[in-house]
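If you read the protein sequences in the order shown, they are chains W and G. Per the working numbering, the first sequence runs over residues 89 to 372. Per the working numbering, the second sequence runs over residues 68 to 322.
For the record, the hints were derived by calculation from the structure and aren't laboratory data. Remember, it's a predicted structure, so these values are computed and weren't measured experimentally. Backbone N, C-alpha and C define an ideal beta-carbon position, used for all residues, glycine too. Check before you lean on any hint, since a few could be wrong.
To be verified - Between beta-carbon pairs, the in silico distance windows are:
1) W:GLY113 / G:GLY85: 46 to 54 Å
2) W:GLU164 / G:ILE308: 29 to 37 Å
3) W:ASP262 / G:THR291: 32 to 40 Å
4) G:VAL304 / W:ASP125: 39 to 47 Å
5) G:PHE129 / W:GLY233: 53 to 61 Å
6) G:ASP79 / W:ALA333: 29 to 37 Å
7) W:LEU118 / G:GLY85: 50 to 58 Å
8) W:GLN212 / G:VAL121: 28 to 36 Å
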Amino acid sequence: MNARPDHNPDQPPATDSPAYVRVRGVRTVLGGKTIFDGLDLDIPRGKITAVMGPSGTGKTTLLRHITGQLPVDAGEIRVDGRNLAELSRNQLFELRETIGYLFQNSALLTDFSVFENVAFPLRQHLRLPEEIVRNIVLTRLQAVGLRGAAELMPAELSGGMARRVALARAIVRDPGLMIYDEPFVGLDPIALNQVLKLIRTLNDTLGITSVLVAHEFAAVRRAADWVYLIAGGKVAAQGHPEELAERDSPWTRQFFGGEADGPVPFQYPARDYAADLGFQAGGA
Amino acid sequence: MSQARKQLAIGDALAQVGAAGLFLFSILAAIPGSLRHVRETLRQIWFVGAMSLVIIMTCGLFVGMVLSLQLYYTLAKFGGTAALGTVVALSLFRELGPVVTALLFAGRAGTSITAEIGLMRATDQLSAMEMMAVDPLAYVVAPRFIAGVVAMPLLACIFNALGILGAHAVGVSWLGLDNGTFWGNMTANVEVWSDLVNGVWKSAAFGAVVALIATFQGYTTPPTSEGVAYATTRTVVSSSITVLALDFVMTAFLM
């Protein structure tokens, strides 16, 4: 369990250097729906920051903004001090070389074996002797418990195994910023525990800054230093996971208590239920 | 169809053409970067070229045989069966070879390129490459485009060769035309540059068009199974129409 830092409960934990990611006044509209409306948040350097929130609230969209895959409609995002809106395509690619990204659906290259998937970023960007590539890949696969699966093809892996291979690929170049989009989905308890430990170890030993999008609060509680709860296009609550779980606000009560009633509607907007079923409103 | 819907459909079609044009510029800009991926380009040439050989050779043989049979029957009416080899060769080199090969290429290689890239889009593989700072245009699209331009002329030449062999089998071995007349008239009347090489230029252009349409449809497909299915169909339809239209334009200029 992480030691609770001495901090202002409404501010991310302080670090010696500026935030790795700064999001200011971000506004995003997708398909006519407002996803973010003045979103502000900081991802502190060297810490694990979890982003949580109801489904469809824009967590993955936020990750796509942070990695420059999707431009914002308004506002500013700075990653490692660089304003994404001002970067050329080449500069953006240079920045991405320092980012590891674990996709929700693993996104393994289906024509390549597990080994070649993990070796892919090394082969594309570095001219390393084959022996070194092999050693780096095998150490990463060992870390996720899949060294023995190196010669398998992605189609031969279960969902959880594919997720772990994707994690090995994401960390193969020791990124400065590691982004995990739903890393715990499909993992059995043993694998989940190991992945949790790995995320924590990467952070503690290498000082990697991590952003973690997840729904499993029990896992987030063990891994994260700070949690942002996003709802309604803004940060609805933030704090240390332990403190946030105990906080008595409508947002945290509903989200962590799993209640249908609260500020986040369970039902998708629809016309009157009785009218939809063919009953007269107010009739017998 | 109402007037408004017609205008909308025409607008959509023009927008697609414009987007495909811009996509072509993106591919051309990505080609220098793709030179780093020589192995991937060679793999694609193997995939779209060598793996298409069976269908190209089989169809070439039968097209040549049918052509020989039909032309022999027609030429016999004018007492001109001696020109069979020449007419078959000119038909194949100038027209049928490049066009039929392109249509077969669109059906065999174009559809697989679209489906492969479309599935890569649907399963986030292209996004994963972007996140690993690998340009999918340079790594995925440009090698397939180059492979189309390189493989199509080679396939058309093989189609032509098998077509001539098929025509020879029917005209000489079956219908009894003199072997020397068949080859002699052909070599005397077919020009290398104006007939053979023009056909090669045509097939390179058709290869570029089919590869462009196939990669564009795959790259821009909605990331759903239905989207990939429609994109694959659109590749065949659009490629076939564009190849035939371009054939007319190029023939008019190359005559």
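For each hint, the structure was consulted:
1. W:GLY113 / G:GLY85: 46 to 54 Å: Violated: the Cβ-Cβ distance is about 34 Å, outside 46 to 54 Å.
2. W:GLU164 / G:ILE308: 29 to 37 Å: Once the Cβ atoms are compared, 46 Å apart, the range 29 to 37 Å for ILE308 of chain G and GLU164 of chain W is violated.
3. W:ASP262 / G:THR291: 32 to 40 Å: This hint holds: roughly 36 Å between Cβ atoms.
4. G:VAL304 / W:ASP125: 39 to 47 Å: Given range 39 to 47 Å: holds, Cβ gap about 43 Å.
5. G:PHE129 / W:GLY233: 53 to 61 Å: Distance hint for PHE129 of chain G, GLY233 of chain W holds at roughly 56 Å.
6. G:ASP79 / W:ALA333: 29 to 37 Å: violated, 51 Å
7. W:LEU118 / G:GLY85: 50 to 58 Å: violated, 24 Å
8. W:GLN212 / G:VAL121: 28 to 36 Å: About 34 Å separates the Cβ atoms of GLN212 of chain W and VAL121 of chain G, which means 28 to 36 Å holds.
Of the numbered hints stated above, those contradicted by the structure are hints 1, 2, 6, 7, listed in ascending order.
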